[in-house]
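Q: Oh and the sequence shown: position 278 is 412 in our numbering, straight run, nothing missing.
Derived by calculation from the structure, the hints in this document are not laboratory data. Just so it is clear, CB atoms sit at the ideal spot from N, CA and C, and this is done for glycine as well. Treat the hints loosely; a few may be bogus.
[Said to hold, decoys possible] No more than 27 angstroms apart at the CA atoms, straight line, and that leaves these computed lysine-lysine pairs for DSS-like: (1) Lys328 <-> Lys371; (2) Lys297 <-> Lys328; (3) Lys187 <-> Lys508; (4) Lys348 <-> Lys289; (5) Lys297 <-> Lys371; (6) Lys393 <-> Lys371; (7) Lys393 <-> Lys254; (8) Lys393 <-> Lys297.
[As the list claims (entries may be wrong)] So the derived label-pair ranges between C-beta atoms look like this: (9) Gln549 <-> His494: 33 to 41 angstroms; (10) Gln353 <-> Met384: 26 to 34 angstroms; (11) Leu306 <-> Gln454: 37 to 45 angstroms.
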Amino acid sequence: MSKTIQALRGMNDLSPNESPLWQWVEGQLRETFATYGYSEIRSPIIESTDLFKRGVGEATDIVEKEMFTFSRDEEKESFTLRPEGTAGCVRAAIEHGWIYNQEQRLWYIGPMFRYERPQKGRYRQFHQAGVEIFGIPNAEADAELILLTARLWEKLGIRQHVKLQLNSIGGLDVRTQYREALVAFLQNHLDVLKQDPDSERRLTTNPLRILDTKNQALQALLNHAPKLHDFLDEESKAHFARLCTILDDMGVEYEINQKLVRGLDYYNKTVFEWVTDALGSQGTVCGGGRYDGLVAQLGGHASEGVGFAIGLERLVLLVQEINPHIRLPRTVDIYILHSGEGTTSPAFRLAELIRQAFPHLRTMLHTSGGNFKKQFKRADKSGAKLALVLGENEVAEGTVVIKDLFGESEQITVQQCELIAELQQRFSQ
């Protein structure tokens, strides 16, 4: 026998038993985005490598060590599987003129790719849903995104298990001044910094990311470091105060975390994360913020931006953890059984008639033969609410047997011309 081929490390298959929950979660996402008036876009999963170097930042972990990048010699161009969604969304918006002198609210969903150590809820091919607002500079746009996510958590039944963390990181001038102060402080404590090799490296490349270290000794030291909010300009302070006022008025609880900076270079002013400890150690379910300079940085006319991304693997795990017995839509509503001479074509016609009359119902036709006992076992396993049975007698008499597979009502025989009305009544209850 030839050797079997397995999925690449960090690439995850989704089974038929798992996909209904994913479909339900994705449906709640789409419904919520639509409720707020956002429009879907779909962009390529492969982009020019320069897009992420310029947009995400060459000193970020993503660009330095996590991107899947390749090239073809004859094209003399480097390509990258997208590691995040914002840069590609901005590229598309600039290229097609979606945000030129206008406001725009967009959302997307799909796979992203990062080369990192696979673990539960984190894969090399993972999935994100993201939302981006363009052309609105004020804090009301930031607040709307946070309110949108809060409503989504309510719909998913996880609202009490996620907490909102907020921060303002100001503009480029603010971060430059703060960076100098932070570096000067840390250079006086190199003995502690050396305990975390990633942070030691970031001292010369991306010092603000040191604030996000998981090293406890370094975190304790950072409690005595200069505070970013002491460097904020008046505009950033006013923007952040306005955001907090709106959230207070709307009853949204939050924690101001001055160590929250996010991992990408394009952020300014507001940054936020929804975090949970329901999956063990604290993890981020949703993160985002404002990126007012990114559009111009990628070659477009200046346009403010703010957005967020949700990691779907972690979100689905959280929903499973909080609501293990969540009731999902059936994968099959009606299962059609048939056996005997001359029953195949009538069964096919019956199935198509039902699908035409009830496009929202899931109708499955048994096609693998066998006696009725075997077919009923398949029907029960499918989880269908009703079984429709066609035998030679039913075909001859123009009838069909309706059997409730959950035993809620008696088995009956109806004329096929009456079937649609009967099903209408059964599924409207």
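Q: Now, for every hint given, state plainly whether the structure supports it.
A: Results for each hint:
1. Lys328 <-> Lys371: The given pair, whose Cα atoms are some 34 angstroms apart, is violated under the 27 angstroms limit.
2. Lys297 <-> Lys328: 32 angstroms, violated
3. Lys187 <-> Lys508: The given pair, whose Cα atoms are some 59 angstroms apart, is violated under the 27 angstroms limit.
4. Lys348 <-> Lys289: The hint is violated at about 32 angstroms.
5. Lys297 <-> Lys371: 23 angstroms, holds
6. Lys393 <-> Lys371: 16 angstroms, holds
7. Lys393 <-> Lys254: Answer holds: Lys393 to Lys254 is near 26 angstroms, not above 27 angstroms.
8. Lys393 <-> Lys297: Satisfied, since the Cα-Cα distance of roughly 16 angstroms is no more than 27 angstroms.
9. Gln549 <-> His494: 33 to 41 angstroms: At roughly 24 angstroms between Cβ atoms, His494 and Gln549 fall outside 33 to 41 angstroms, so the hint is violated.
10. Gln353 <-> Met384: 26 to 34 angstroms: 31 angstroms, holds
11. Leu306 <-> Gln454: 37 to 45 angstroms: Holds: the Cβ-Cβ distance is about 41 angstroms, inside 37 to 45 angstroms.
Taken one by one, the earlier hints fail for this structure at numbers 1, 2, 3, 4 and 9, listed in ascending order.
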